[in-house]
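S.K.: Next come the chains, spelled out residue by residue.
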Amino acid sequence: MIAPPLLEIEDLRISFGTRTSDVRAVDGVNLEIRPGEVLGLVGESGSGKSVTARSIMRLVPMPPGKLVSGRILFHDLDLTSLPEREMEDLRGSRISMIFQDPMTFLNPLLTAGEQVSEAIRHHQGLDRAAAREEVLRLFREVGIPSPELRYGAYPHQLSGGLRQRVMIAIALSSRPELLIADEPTTALDVTIQAQILALLRDLQHDYGMSILLITHDLGVVAEICDRVAVMYAGRIVEQAPINALFDDPEHPYTLGLMNAIPRPDLPDIAPQPIEGSPPDMAHPPLGCPFHPRCPYREPICFEDVPRMREVAPGHAAACHFAGRKAFQLITSTHTPAVS
Amino acid sequence: MTHSRENGRRPLLEVRQLVKHFPVRRSLGDALRRQPHLAVRAVDGVSFAVAKGRTLALVGESGCGKTTTGRCVLFLQEPTSGDIIVNGQRVDPHDEAAMRLRRKQLQIVFQDPNSSLNPRMTVSQTLGEALAFHKMVDVSNRNQAVNELLETVGLSGRHAGRYPNELSGGQRQRIGIARALAVNPELVVLDEPVSALDVSVQAQILQLLERLRDERGLAYLFISHDLGVVRHISNDVAVMYLGVIVERAPTGTLYERPLHPYTRALLAAAPVANPRLRRERPPIFGDPPSPLSPPSGCRFRTRCPFAAGRCAQETPVLREFEPRHWVACHFAENFRSSAGTT
Chain D
1 MIAPPLLEIE DLRISFGTRT SDVRAVDGVN LEIRPGEVLG LVGESGSGKS
51 VTARSIMRLV PMPPGKLVSG RILFHDLDLT SLPEREMEDL RGSRISMIFQ
101 DPMTFLNPLL TAGEQVSEAI RHHQGLDRAA AREEVLRLFR EVGIPSPELR
151 YGAYPHQLSG GLRQRVMIAI ALSSRPELLI ADEPTTALDV TIQAQILALL
201 RDLQHDYGMS ILLITHDLGV VAEICDRVAV MYAGRIVEQA PINALFDDPE
251 HPYTLGLMNA IPRPDLPDIA PQPIEGSPPD MAHPPLGCPF HPRCPYREPI
301 CFEDVPRMRE VAPGHAAACH FAGRKAFQLI TSTHTPAVS
Chain H
340 MTHSRENGRR PLLEVRQLVK HFPVRRSLGD ALRRQPHLAV RAVDGVSFAV
390 AKGRTLALVG ESGCGKTTTG RCVLFLQEPT SGDIIVNGQR VDPHDEAAMR
440 LRRKQLQIVF QDPNSSLNPR MTVSQTLGEA LAFHKMVDVS NRNQAVNELL
490 ETVGLSGRHA GRYPNELSGG QRQRIGIARA LAVNPELVVL DEPVSALDVS
540 VQAQILQLLE RLRDERGLAY LFISHDLGVV RHISNDVAVM YLGVIVERAP
590 TGTLYERPLH PYTRALLAAA PVANPRLRRE RPPIFGDPPS PLSPPSGCRF
640 RTRCPFAAGR CAQETPVLRE FEPRHWVACH FAENFRSSAG TT
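Going down the list, the sequences are from chains D and H.
Residue numbers for the first sequence follow the numbering used here, so the first one is 1 and each next one is one higher.
Residue numbers for the second sequence follow the numbering used here, so the first one is 340 and each next one is one higher.
One or more hints might be untrue.
[Stated by the list, open to error] To give an idea of the interface, some chain H residues facing chain D are shown, with a C-beta separation under 10 Å as derived from the structure:
1) GLY402
2) GLU531
3) VAL538
4) GLN541
5) GLN546
6) THR590
7) ALA651
By construction, these hints were calculated from the structure, which means they are not laboratory data.
Since we're looking at a predicted model, the values are computed, not measured.
Ideal Cβ positions, reconstructed from N, Cα and C, are used throughout, including at glycine.
Taking the hints into account, I'd like the entire structure generated from these sequences.
M.R.: Shown next as structure tokens:
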């Protein structure tokens, strides 16, 4: 815990210009990724989680995007101001990324093996034969059955799960320090999702890398993350170690999300909706961005933007009442004694 | 609630031995070489019944045939064979008048309201069209009927003049539901109705669907891959794998005492929002085989951790293992005691 963070995002603000107004997709995000941890970044659509993740790789098109403020420090490099040439060297080598839909990432005209081989030759300067050996080793490592056969398969000949494994093989080929996984299992069936999550967990352990996992699914978070940051309306509203977040959520939005998920393990508890819908980020509400939907709001919430308050070591929430009000978690199953 | 019996009442919807094959075009070369005709066997002999006011969930992974089954029930796709019986009556799909009535009895709500609503029609035009086509109300009362429908689904008259792009995802899905309800159907096929929505909105729509079911005595055929949602909303569940039903039971029974190895794997694979229930390893490996050439015998045997020689030779039939609990596995007896997840 004392080790310096691998990556540090400071007061990141990104907006997108439209004809009529500026949409503040990311509105002051502060986040640290520590060496060797799996950090979950959770939020619903439009919360800014993907833009935050993509901005690390500098994959947010600018324009229409605009970096309003902020720094992203990777070791001692500021990724927001790094020359493009150096950024290219970093991308896909020290920081890799995998996406929800491998089909948009893989080249349909190259075989699976050729694509991985290309990445290896580019980053490691191996010759063709050595690269082929390395590809087969990677294929075995990411659990692709009969690797020799799949080497020559085109993406369309592979199942969704296998494509995702090929993309993971490409991402791992450079032994990255940070892997950004943007909804890596959202398009997959549950039995395949379970396999891919187990694979990511094993690889994280074997490679000792950090993973930033972007997802909307708290089930996936519970499955593999060590720590979680919850985003709402372009901001991080809560950050906590995994068990603390699920046992004692300190932001009413986190609480609302947990109460809203239908739980197969708790059949007698009906999911509780969060009333209303997420704010229009072209015209965000004043005060706390969650106040229009918050059942616990008070007059202060209409005016003052809450700052992150630490309620326990490593556990902070951006709510005026974090740690001061008893929020009711209907799905709570733990006995508070341990932790 | 899940244990109330049908008491021999005639079911509202009965599907018998439904088969839907999609032929694959042969190339000229294949035809000259006398290669056999291939077909995607999307649905391969599925039977079930839904009673008035009840919800049957069809669950399974992509490609298992659950959506095709739902579409065949409405004749949005013509079944290759099998019977769709509503209130004891079969219909000839070529009989226009009978089909019109059938379409009034059975309605559908699709997963993606963006693609199922016409972007050039306002909410009141969309709903008005449904009302007019089935001659539900006079022209003079149409606006009032539209407003009532909107209120039924938790919106109001001020949404009537809006276009779909002026609505949020949850509101659009409410319009999709209102359109289905416009003709007072008896059964609604809900094809992944909340899968495209954020969790916070998803719970709103689930509440709405439950309220409508209770108020109007609707029956639902609820198609979903989400086991959490299904447990919450359905009375009975049928699990599909590669075009066949492998297990069917009242919801509580299915989740608490699953018998089929596939059901057990599916339940064990679903991530649960509780970090203390982490799995050690994935419950099953590999991908489902192609529905072009499903495995011989039991279709699940290629991924089944318990597969034996018999599974390759003999196709297990769906049998009533205990009252109202049907399973298609030769070895279901072995899984009786070791209940719960694998």
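S.K.: Now tell me if each hint is right for this structure.
M.R.: Hints, one by one, checked against the model:
no.	hint	verdict
1	GLY402	holds, 9 Å
2	GLU531	violated, 13 Å
3	VAL538	holds, 5 Å
4	GLN541	holds, 7 Å
5	GLN546	holds, 6 Å
6	THR590	holds, 8 Å
7	ALA651	violated, 20 Å
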